[in-house]
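Student: Chain by chain, the residues:
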Amino acid sequence: MRKLTYAAALNEALKQEMRRDPAIYVAGEDVAKYGGIFGVTAGLLEEFGEKRVKDTPITESAIIGSAVGAAATGLRPVVELMFIDFIGVALDQLFNQAAKMKYMFGGKAKLPIVVRTTCGAGMGAAAQHSQSLEAWFMHIPGLKVVMPSTPYDAKGLLVTAIREDNPVFFIENKMLYGLEGGVPEEPYTIPFGQADVKREGSDVTIVATAAMVHKALAAAAELAKEGISAEVLDPRTLTPLDEESIINSVKKTHRLVIVQEAVKRAGAGAEIAAVVAERALEQLDAPIARVAAPFTPVPFSPALEKAFIPTEERIIAAVKEVVG
Amino acid sequence: MRKLTYAAALNEALKQEMRRDPAIYVAGEDVAKYGGIFGVTAGLLEEFGEKRVKDTPITESAIIGSAVGAAATGLRPVVELMFIDFIGVALDQLFNQAAKMKYMFGGKAKLPIVVRTTCGAGMGAAAQHSQSLEAWFMHIPGLKVVMPSTPYDAKGLLVTAIREDNPVFFIENKMLYGLEGGVPEEPYTIPFGQADVKREGSDVTIVATAAMVHKALAAAAELAKEGISAEVLDPRTLTPLDEESIINSVKKTHRLVIVQEAVKRAGAGAEIAAVVAERALEQLDAPIARVAAPFTPVPFSPALEKAFIPTEERIIAAVKEVVG
Amino acid sequence: MAVEKEKLIEMYTKMLTIRRFEQRVAEHFAAGKIPGFVHLYIGEEAVAVGTCANLRPDDYITSTHRGHGHLIAKGGDLKRMMAELFGKRTGYCKGKGGSMHIADVELGILGANGIVGGGPPIAAGAALSAQYRGTDQVVACFFGDGAANQGTFHEGLNMASIWKLPVIFVCENNHYGISLSQLKHMNVADIADRAKAYDIPGVAVDGNDVIAVYEAAHEAVRRARAGEGSSLIECKTYRHRGHFEGDPQVYRPPEEAEAWLKKDPLPRFEAKLMEMGVLTGEKAKQIEQGIVAKIDEAVRFAEESPFPAPEELGDDVYTA
Amino acid sequence: MAVEKEKLIEMYTKMLTIRRFEQRVAEHFAAGKIPGFVHLYIGEEAVAVGTCANLRPDDYITSTHRGHGHLIAKGGDLKRMMAELFGKRTGYCKGKGGSMHIADVELGILGANGIVGGGPPIAAGAALSAQYRGTDQVVACFFGDGAANQGTFHEGLNMASIWKLPVIFVCENNHYGISLSQLKHMNVADIADRAKAYDIPGVAVDGNDVIAVYEAAHEAVRRARAGEGSSLIECKTYRHRGHFEGDPQVYRPPEEAEAWLKKDPLPRFEAKLMEMGVLTGEKAKQIEQGIVAKIDEAVRFAEESPFPAPEELGDDVYTA
Ligand SMILES: Cc1ncc(C[n+]2csc(CCOP(=O)(O)OP(=O)(O)O)c2C)c(N)n1
Ligand SMILES: Cc1ncc(C[n+]2csc(CCOP(=O)(O)OP(=O)(O)O)c2C)c(N)n1
Ligand SMILES: [Mg+2]
Ligand SMILES: [Mg+2]
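Protein chains in written order, with our numbering: chain A, 1 to 324; chain B, 1 to 324; chain C, 1 to 320; chain D, 1 to 320.
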């Protein structure tokens, strides 16, 4: 299969979908002339023109809020929130307006909005440009939440997101933009709510998201050398969450390690642990382990940032602990 | 002991602390002349004057942001966010500024801020005035999160919050304002991170917060009649979370039911479940159960709202399920 | 500007409908039939009616927590409105929204809103949509004096101004945000002046004079439809009742309220129409009776309608 | 206004210090020694220096993502700044903040800020604090043209205006928010005009003329100290480098950049000082050498300092 980077895969999804449906437009800070601060919207302005590719002022409430108004009246906005960390100035339009409108109106509204954003530490961008906040969005009924880990998933999930008639919060990880992987040229969709087994295994289930999938895979490869067979499962979408696949994997392995880049407390991993503790507790032969960031803001210095982001070593240690 | 309502207990804490420390001021929408939309700040303007009790414009970012600037330069603001649902227009100042400033500055800042707010459904206030969003705030390093369930706790925890040198997010439940209970007249503090056993029991641990504590107590009374002894534990503060008390209770009862008013997915209860599944899994004789709201916005109609808020009956059913 | 006779009567009828509807809402709220927060529009009817009289059915509005007047002015159905306020399944939102979230997207009503300042960004988006689709639809965005301080108001105006979006921003300056007087929540007398920050026309009018509002909105709608962009209209008015039903209203001087009551837009317009010979006592009585009958019907409909069943709680969260 | 000779030399020295400091930062960034995002201030030195020359050590500033110039102008220590940029334990923030979060609360520097528009509400709060404590301290709040659209900017100005808070809002209009030209992100030419929405003085000055900035800030600081409230000063300027280091800068026409380079505030001020007889070539050389020596020392300090230990990660989250 042809190889593309994660960024290029997203870019291709945007282009192909925009060619298909003239109701789709892209808006956000520096998405047009600049092509997006990480290049994901490169070339869109040239192909689709200013009407469909709009640079906005630095007003995130207006960016997301205007998407709500546009979507409720027939368009299909794909807007960019430059960093997930900026949600604090725009959250209302996402959680009280976009996500609740259909419900509050008794079903009489359709809100096909995609908010693309980027998360994650690793480039020394410090406390306000490096966070992983996906858990917040899982707690919002009415929203769908996507977090792809590979170029293949990125394209397929973005196509699905754009075709969705509900608001979708689409979280890209900035450290993955340069990652290469096989991506079909033709458009394709990946259904929401379908976890992907990134590696099969039988001794322990590792549920990991975004950049952590790759650390989990590296850990699994290392563990295999020591005779421990780890299954790596990537939920891919957090809402809907594929509880069945997680539980089925735990039924097979009887051990669960959850890996997230976010701080542990009240993160997405807590929900996954809780689901298993509710629905499959009797299947567990060991305590659930969570590998996550410590309860601190993201530090700037590489010396500290390295200690903040969960490592392959920590995953291996956690697996060994539960495998006993 | 003298009885006060939850609202009056909070009011007394504010007054007594303001008398003690002239660096404390109160600001927010309608807190002065009106005395607060739920009456919690009644009489403050009359006693302390306009300088220390300030009605603000409807600009929540400026309300919380100005508290950050004032606290960093020597004052001790106690500001009101009228409903927790409004956090979407002001979250940045809370999570990126107030909570992270000390860390980002390498320790060289002190942010003694209390943000008081109200949560909870039950008065037909619908989707944007009834939410329980405490889980979001637990996910923010640098913040402390308080959720009192009784007049006694309300006063003691608010005094502690005001004396704290860290930003505190203080969540009151609007359905509790009228609740009466014993409250000492003199100021007293309740340490953060200390759960309270609201009822002792031996067959099952019910961890509940805010208004749910009272439903859990009612359920426990009912269950006692059937010979089931339920311990009701109220964490009181979510950050810091008293993991030890929860685990010790589970070690005693071997069964855990968690009750929250928020939607279940990625709520505070998920974290509590995850902590137990990590630290005391082997102590559990049954799956953990969570009683929480369904994954919908809060509906307006009383007919639906009643079905949204967790009930005594649902708690009883969950307990019976885990007790087997 | 000469307004047609029929239009004048229509406007009068709408204003009276809002007044009577809300008076009835107040009664049923007091009687415990209507739950939640209810913010009445009584005294401000000229703003919604004067504005919406310039709109077509396919135009859009965004409303506020004080939204009943906007809805009626834009053509909302009284029965479905009243049923919603009662929390019934036959209401506009199947009982899920209530007063603060009534909407009728088919009529272009993009919802009341419980968030102060929630509307302007949404209005900009609906206008962007009209422009994008190449229609000449316009959007009227209602908001209060208090909302004019909120950051989202400024963000919405900025976006609408740079993209020349067809929005009419209508500030209902009733001089209070709950208990806080405009004198204390902003440093300027005319909110219309804030238009200058976006280089769009800004005009302040007597919001208790429906013709003045109509004329200002007429020009703003013309501009918007012609692709000339947004405008800001400030309508100075006053709410006769508390911020919400149950408000003890400790914060407004009685003299102030009295003075404003004398400027009540409804008797004022009625007198004017009589003076113009457009309305007679007889005709007014007829109109009144028609309205009362409709509201009686709406209340009956609301009372007789069933509550939603608990099983409906989970519906309408997502589009399948 | 006659500015004292010494003050003029001090301002010149500060401007040159900022310029040389940042040039060195650019080198070390390119060499991979400085991680993260680095937004340089080169070309805009007159704004920070002209403003801060009016401030006392106990006054406050709030800064932005483009903050090195503000820090140096307010008296920040070059060694601790450079060490912070290198991510070292001896830096202002023990390596936890980096370029976007450098602060020195003791010097009244309430932090650079990674959030566009994050500063104005905080500045209002610091000013409220000064007023509350009965001091005559003032707050200078720096922000960009892009930030002047953000809702928080408007909320901050509104609060400062109604409470007559001692804030000097200083807009560094470098005509771009990353790639988006002011012509496209707002509908007005002079951001200073937005002061009218809050009834505070607003003035637009040549931001590449340090004396012009100094004089405007002088009056604003006087007002603020005297309890007369806030002001807005717009300084028209230009950044010489990309938005951040590594920016391919596809969005700025080369002619535009060239024209602005001719208005470089540093040679302009130097020429003026020479003309005034305040500065000689000899003296300039001396100043330059002093600055370079200090920066060399700062770099040496940064390079020789240790990185924080991983165990320090969890410190400083809470005050015990
Ligand atoms: C973001 C937000 N803040 C505060 C409130 C609470 N609140 C509801 S209405 C209101 C006053 C609004 O004043 P104004 O905009 O003048 O409208 P009016 O009520 O006078 O019509 C307030 C503070 C809210 N609903 N949303
Ligand atoms: C809330 C928020 N939105 C977007 C960004 C990304 N960002 C960083 S700097 C910048 C441009 C700011 O422009 P301006 O205010 O003019 O300052 P300048 O960079 O020109 O000095 C943007 C969009 C951010 N940091 N915070
Ligand atoms: Mg008002
Ligand atoms: Mg700029």
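Keep in mind that the hints were calculated from the coordinates and are not lab data. Do not take every clue at face value.
Said to hold, decoys possible - With a cut-off of at most 25 Å between alpha-carbon atoms, the simulated DMTMM-like pairs for lysine to aspartate or glutamate come out as follows:
hint: 1; chain 1: A; residue 1: K108; chain 2: C; residue 2: E282
hint: 2; chain 1: C; residue 1: K196; chain 2: C; residue 2: E27
hint: 3; chain 1: A; residue 1: K110; chain 2: C; residue 2: E245
hint: 4; chain 1: C; residue 1: K5; chain 2: C; residue 2: E282
hint: 5; chain 1: B; residue 1: K306; chain 2: C; residue 2: E245
hint: 6; chain 1: C; residue 1: K184; chain 2: D; residue 2: D136
hint: 7; chain 1: A; residue 1: K33; chain 2: D; residue 2: E258
hint: 8; chain 1: A; residue 1: K306; chain 2: A; residue 2: E186
hint: 9; chain 1: B; residue 1: K251; chain 2: A; residue 2: D285
hint: 10; chain 1: C; residue 1: K196; chain 2: D; residue 2: D190
hint: 11; chain 1: B; residue 1: K110; chain 2: D; residue 2: D58
Student: Take the hints in turn and mark each one as holding or not.
Tutor: Structure-based check of all given hints:
| no. | hint | verdict |
| --- | --- | --- |
| 1 | A/K108 - C/E282 | 41 Å, violated |
| 2 | C/K196 - C/E27 | 43 Å, violated |
| 3 | A/K110 - C/E245 | 32 Å, violated |
| 4 | C/K5 - C/E282 | 16 Å, holds |
| 5 | B/K306 - C/E245 | 23 Å, holds |
| 6 | C/K184 - D/D136 | 23 Å, holds |
| 7 | A/K33 - D/E258 | 21 Å, holds |
| 8 | A/K306 - A/E186 | 38 Å, violated |
| 9 | B/K251 - A/D285 | 18 Å, holds |
| 10 | C/K196 - D/D190 | 11 Å, holds |
| 11 | B/K110 - D/D58 | 17 Å, holds |
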